[in-house]
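Undergrad: Protein chains in written order, with the numbering used here: chain C, 1 to 118; chain B, 1 to 592; chain R, 1 to 88; chain Z, 1 to 246.
To be clear, the hints were calculated from the coordinates, so they are not data collected in a lab. Worth double-checking, as some hints may not be accurate.
Distance condition first, Cα-Cα at most 35 Å in a straight line; then the derived DSBU-like pairs of lysine-lysine [said to hold, decoys possible]:
#: 1; chain 1: C; residue 1: Lys26; chain 2: B; residue 2: Lys24
#: 2; chain 1: Z; residue 1: Lys160; chain 2: B; residue 2: Lys152
#: 3; chain 1: B; residue 1: Lys152; chain 2: B; residue 2: Lys24
Facing chain Z, according to a computed beta carbon distance under 8 Å, are these residues of chain C, among others [claimed, not checked]:
#: 4; residue: Leu5
#: 5; residue: Trp7
#: 6; residue: Gly14
#: 7; residue: Tyr22
#: 8; residue: Leu67
#: 9; residue: Gln77
#: 10; residue: Thr89
#: 11; residue: Ala92
#: 12; residue: Leu97
#: 13; residue: Leu116
What the simulated footprint calls covered on chain Z by chain B, stretch by stretch (three residues with Cβ under 8 Å from a Cβ of chain B suffice, anywhere in the stretch; the number is not a length) [unchecked claim]:
#: 14; segment: 27-36
#: 15; segment: 176-190
Here a beta-carbon is modelled for each residue, glycine too, at the ideal position from N, C-alpha and C.
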Amino acid sequence: MSSILAWLPYAVAGWLLLWGLYGIVKSRNLVHLIICLVILQSSTYVLLLAIGYKAGAVAPVFADMPLGTPAVDPVVQALMLTDIVVEATVAALLLALAVQVYQRAGSLDPRELVRLEG
Amino acid sequence: MHLAPWTVALPLACAALLAALAEKIPRTVADLLALTVAAANTALCALLFRETRSGPVVYWFGGIRPRQGVSLGIDFAIDRIGAGLATLSAVLIFSALLFAARYFDKPQASFQALLLVFLAALCGFSLTGDLFDLFVFFELMSATAVGLCAYKSREVGPLQGAINFAVTNTAGAFITLTGIALLYARTGALNLSQISRMLAGRHDALVLVGFAFVCLGFLVKAAIVPFHFWLADAHASAPTPVCIIFSGAMVEAGLYAVARLHGALFATPLPGFRPALLALGAITCVVGAAMCYAQRHLKRLLAFSTIAHAGAILCGIALLTPEGYAGAALYVAGHGAIKAGLFLCVGMLLHRLHSVDELVLHGRGQGLPWLGALFAALGLLLAGTPPTAMFLGESMLHHALREHAVARLALAIASIVTAAAVLRACGRIFLGWGPREPDAPGGGESDEEPETVPARIPWSMWAAATLLLAGAIASGFLSRQQASKEAMRMLDPHAFATQVLDGAAPSNPEAATPEPLGPALWHSAGTAAGALALAGLTLGRKRLPGALRRACAGVWEPFASALRGLHTGEVGDQVAWLAFGAAILCGAMALG
Amino acid sequence: MIGALQFLLFILLALAGMQVVRTREPLAQSIAVSFYGLVLSLLFFLHQAPDVALSQIAVGAVALPLMILLALAKIRRARQEREAEQNR
Amino acid sequence: MRLRLVLFAAGALGLGAAYFAAARGLPPVGGYSGAYGEVLNAVSVGERHATDVVSAVNFDYRGLDTLGEEFILFASVLGVATILRKQQGDEEDRDEPAWQARQAPDSDAVRVLGVWLVPLTVSFGLYMISHGAVSPGGGFQGGVVLATAPLVIYLCATAKTFLRIAPPWLTKAAEAIGAGGYVVIGCLGVLAGKQFLENVLPLGTPGAAWSSGTILFLNLTVGIAVAAGFVELLAIFIEEVLRRET
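The following block holds chain C by itself, in its conformation from the complex:
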């Protein structure tokens, strides 16, 4: 089990990256496309999480733990926090664009939109 777990998270991160890209390429609906972008973004969480993890270590919170207890990497967690905010804000911006483009053009299909724009 542990030997599988030593590489599985990396594989899952790559898998999600490729599925996210595939979804964007294939998408016929902007909202669907935005959600695929979210999946693409989440691949970076998985990668960062896997990188900073130490087997048997505790969370980097020393409230009720003596100092010096082996703890997982706090830096990747800080990066992930930033990453999550970025994800939420990008998604909000894109959703607003999708809503507005539907109100103006009556379609969410990227192909249709190109045609409408002429």
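Use these hints to put chains B, R and Z onto chain C, whose structure you have.
TA: For chains B, R and Z alone, kept in the frame of chain C given last:
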């Protein structure tokens, strides 16, 4: 007190203030506040530029200095080229604000707030010495740019452009973040110098792929073929003041990041990196130039010329030599001011004549001789004629690329064809030359709602454009030898790391005396003549012998229509190209 | 024990992510992505990242799906208005 | 579409191969030992008196990242408001027979739930924000929790109550104050003769909310900005509903 943090803190604080007070203060006050802050930031950046004369300056945020050579905090590691880019950005934002003051009919506090955030992002991006912080400012730039790009949110075009921009740039950004994570896994560091030290010259697959991934997001931002599709859509639809920042600073910031990262991380060129970037740069020159020539929508025309010039800059960076870097840096300085000035001219045309379609505007600019003169002058400068830094940069690039004939040819094509396209538009609009053909194919997309009530061109627009022309000419006083010296510093990761991590004094390399400018003058005269000739031939093509005309059309038309066919404007295609380009880049590095 | 759970959650995550992409209907997708966010935050908890897990619950499992739902509601309303206009 | 899929297939193959090649060089999951994190785990409790190292990293060691992150939120709220704003020439409100105003829920149970839920979320959010330096959570997580309180009110009462509790001018001002406040706290360091974003307050015993100096206040500004930002985002997305109900 150190200046560096203020370049970011000042515009951000004022952006918050402007957003809070948006509806409470009169328009003039908001305008003045934003302009003052932009001017102050320009001064700050210029002072930083002066301060870095004798070598890079390092500023540690929170006073968290490295301990025993391990960096724990975030630093601004300010090299002179980065400070120069920040100065250029501040000047462009100032001109954009000045131009925009009388551009929109309604007060636009949120527009100004977004521009100020953009300024902070650009400054932070060019000054930071931390890999993840670079990503944060990169994303800040994107988040702001999307709002600015979709500013005219009633039309489908801007929304479409903003969506393409946001999706491709975000996809690129997260590939970049994947790369950052890979490098972090190997080195356990985010500070550039620390990473460089931990890598210690080891270039295995992890490092190569990690670095290629990191560069990918920046190449998307830099609109390098095949990652360039978003740029024309975004430029065609964004308000003109935004275009000048996209074209003059944002694209260049992406290229700067590639140059800086390679310089700060690796002492020797990564295998395969140089040929891969050179090929991408040369292709970008040609594709950008051809697409530029094929446009009649003036903003799109300028957007594609930016792509061509980005390719030229990338060719210089790709060499990974001091001369190439220095040439690219000077080129950026001149190009930023010139291209921004051209965009402002188009904005004034749109303001006065309500169109940005070259064919619709045929002859209608005859009552605007000054605008025409400015347009033509900037068009000629775009060909790389003296006395701007673009001329100096181009001469250095040509010398640096002397062993790469194909890249030189691409560079020449980029200069001649883009300048010819601008001059062609100039002759058509302001002199009424060439046949009248408003119904020619390729129209349709070019009708654009005027952004303003038609009126005389206000003085603030003239002031912004004149400022940029003056800036372009002033950039001609930059020293090539100084630039080479800075480029040598930029390419010396060891000296940089000892300065950042151990607090040593900056290195003081000896730059070679630059080549004499005599041949470059001839060269630029040739380029300008070529551009004028091509523009003249295009406008007067009806007078050419029929056989020659048909031969030219027979070569050009299939090529242009094939290229146009690839530019579908669909976001799915653009992301597919992104994946394909990423694979090519990684593949080239694997083989190299 | 923990290892087995981690293994299962990673597999679940990979499948859920794929399913989210393959779901064509945005409404169903927003629910799927909410579930996906929940799995992700569980994984964060299991890997000793409580700060991130809290963020992920708040954003990935609640705020983001909510925004998607609201955007879809707005789009639906725009469609109704459009159709009403056409019938008129 | 066919060309696009072929392109993508080639690209994905190459990308996947490159990623695979790179991942083979990664340390096995669980076996990581990077210097940055280990040093921070060792020194941050002693230096910053913050028991949650992630908070210390976010708000002190890498405080500039968080500044950027807060302004990413700020810029995108501004962007969303810009994109979805009503512009002149848009059709004004027409009475839509197809769309009826939502009534406040009749059920007492829902209202009682709301009465309980709102103070609960508010106090939980505030606790999280203020104890960011001590335990998991912090300005960002607490801010999102806080932002759900007006939403609960919207669901349990009417839009009018929602607007009374979170009027647009207030969220806008709070967002700006939160974002600007972070910068101001950063400047305090310079005013005190130190560096930008350096701690200027005395430190207490590790484990208490106020013991880690400026981290608490930076958490507060982020909490305010995030709460206001998310309320504003949600309000923009339900704006049409609000407009018609009031």
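Undergrad: Now look at each hint and say whether the structure bears it out.
TA: Hint-by-hint comparison with the structure:
| no. | hint | result |
| --- | --- | --- |
| 1 | Lys26(C) <-> Lys24(B) | violated, 46 Å |
| 2 | Lys160(Z) <-> Lys152(B) | holds, 31 Å |
| 3 | Lys152(B) <-> Lys24(B) | holds, 23 Å |
| 4 | Leu5 | holds, 6 Å |
| 5 | Trp7 | holds, 7 Å |
| 6 | Gly14 | holds, 5 Å |
| 7 | Tyr22 | holds, 7 Å |
| 8 | Leu67 | holds, 6 Å |
| 9 | Gln77 | holds, 5 Å |
| 10 | Thr89 | holds, 4 Å |
| 11 | Ala92 | holds, 5 Å |
| 12 | Leu97 | holds, 6 Å |
| 13 | Leu116 | violated, 18 Å |
| 14 | 27-36 | holds (count 6) |
| 15 | 176-190 | holds (count 10) |
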